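Residue numbers for the sequence shown follow the numbering used here, so the first one is 1089 and each next one is one higher.
Read the hints as simulated data drawn from the structure, not as lab findings. A couple of the hints might just be wrong.
Stated by the list, open to error - Capping the alpha-carbon separation at 25 Å, the derived lysine-lysine pairs in BS3-like fashion look like this:
1) K1134 <-> K1217
2) K1272 <-> K1189
3) K1272 <-> K1240
4) K1297 <-> K1240
5) K1158 <-> K1138
6) K1134 <-> K1181
7) K1240 <-> K1193
8) K1194 <-> K1142
9) K1193 <-> K1181
10) K1124 <-> K1134
11) K1344 <-> K1375
12) K1124 <-> K1194
13) K1272 <-> K1333
14) K1193 <-> K1124
15) K1158 <-> K1148
16) K1138 <-> K1148
17) K1148 <-> K1193
18) K1148 <-> K1189
None of the values given here were measured: they were computed from a predicted structure.
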Amino acid sequence: MAKGGSILKSRFENTSNTIEQSYDEMFSSHIYMEGKIVELNIADLKPHPKDPFKPYSEDKLMDLAKSIEKIGLLNAIIVRPHTNGGYEILAGKNRTNATAKNGSKKINAVIKDVDDDTAIMILTDSNLKNREELLPSEKGWAYRMQVEIRNKQGKRTDLAENSTLVHGEQKTSRLEVAELNNVKESIIQRYIRITYLLPELLEQVDSRKIYLMAGYNFSYLGEQSQLSVLEYYQESDFKLQISIKLSEMIRSEYDKNNTSLTLEQIEHITSGKKDKPTKTFSVSRSKFKAYSEKLPNDAELEKLFLEFLYERFGDISRLA
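Model the full assembly from the supplied sequences, consistent with the hints where possible.
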């Protein structure tokens, strides 16, 4: 955990500031990049324990390493002091890994003495703004962390994103995070929702084997129902995709019954099967006018007709 007392901390705790003051100004790159650049031992650097961003693939890391070897490290990484010694990386873990891959033992860094919340904001903001490609889960967790920090700073306890309780204060926090990231509030809400998926389902959203909006709908299901959805996909080795429309139907069925969905129910919905409607037919009572006294109501007519069919064809219900 880092020591407190920074200018970033004091600004962030001033919740009366406007969005521009508390977010755009505080977390613009020229603010959190300010500071003396020093050279640190790479061996003394640790990743942030709550970093939601995956490290580069080996190929991408090699490309970055070659670029740094050729033109140098253009931007210093950002770190904060760690209570157990060394430093925690807030921005630049891939640059650090690439620099180490080139055989370097040291790297240029800016040390920021910030609190936990500000560290998370620097970590998420720098990656959201500077990475060209981000996985849905990376966006979802980053947005969720930012919203939760904003809620906490506003002394709110309504941090849960669920289908039945969405408070006005939560909406305000999402709106502020949307402003910070220059996206619509609905985008923030959708990406946050998918973080409520089972990890196995979220992984398939990242690999695009499950549509993002289908994952969004599945996130409203309970754990057991999500397990049934996962089992459905696993049976086909994730080769079958549930359309967004079908995912809406599954979510609707879950909401309607207010109970866990089984694999059989998921398969029933996705197969397009519907409960067969009861076939009915009507007859004109005018044709039975002569028997009106014998047939006081339709129920009696139906009973007599069934008796006729039984006598004519026998009991075929056992063959159905």
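Results of checking the hints against the structure:
Restraint check for K1134 and K1217: satisfied, since their Cα atoms lie roughly 22 Å apart, inside the 25 Å limit. In summary, the hint linking K1272 to K1189 is not supported, as the alpha carbons are separated by about 39 Å, beyond the 25 Å threshold. A C-alpha spacing of about 22 Å is found between K1272 and K1240, which places the hinted pair at or below 25 Å, so the restraint holds. Between the alpha carbons of K1297 and K1240 the distance comes to roughly 35 Å, so the proposed pair goes past 25 Å and is violated.
Distance hint between K1158 and K1138 is unfulfilled; the C-alpha atoms sit about 32 Å from each other, more than 25 Å. At most 25 Å may separate the alpha-carbon atoms for a hinted pair to count; K1134 and K1181 meet this at roughly 9 Å. Straight-line distance between C-alpha atoms of K1240 and K1193 comes to about 39 Å, which puts the hinted pair past the 25 Å bound. About 23 Å separates the Cα atoms of K1194 and K1142, which keeps this hinted pair within 25 Å; it holds.
Between K1193 and K1181, the direct Cα distance comes to roughly 14 Å. Compliance with the 25 Å bound is thereby established for this hinted pair. Distance hint between K1124 and K1134 is fulfilled; the C-alpha atoms sit about 20 Å from each other, no more than 25 Å. Taking the CA atoms of K1344 and K1375, the gap is near 44 Å; set against the 25 Å cutoff, the hint is violated. Distance restraint check for K1124 and K1194: the Cα-Cα separation of roughly 16 Å lies within the 25 Å cut-off, and the hinted pair is therefore satisfied.
Between K1272 and K1333 the CA atoms are separated by roughly 23 Å; this keeps the pair inside 25 Å, and the hint holds. Using a Cα cut-off of 25 Å, the hinted pair K1193 and K1124 holds, with the two alpha carbons roughly 20 Å apart. This hinted pair checks out: K1158 and K1148 have alpha carbons roughly 15 Å apart, not beyond 25 Å. Note on K1138 and K1148: the hinted pairing holds, with a Cα-Cα distance of about 22 Å set against a maximum of 25 Å.
Pair hint K1148 plus K1193 holds up; C-alpha atoms about 21 Å apart against a cutoff of 25 Å. In summary, the hint linking K1148 to K1189 is supported, as the alpha carbons are separated by about 12 Å, within the 25 Å threshold.
Of the numbered hints given earlier, the model fails hints 2, 4, 5, 7 and 11; all others are met.
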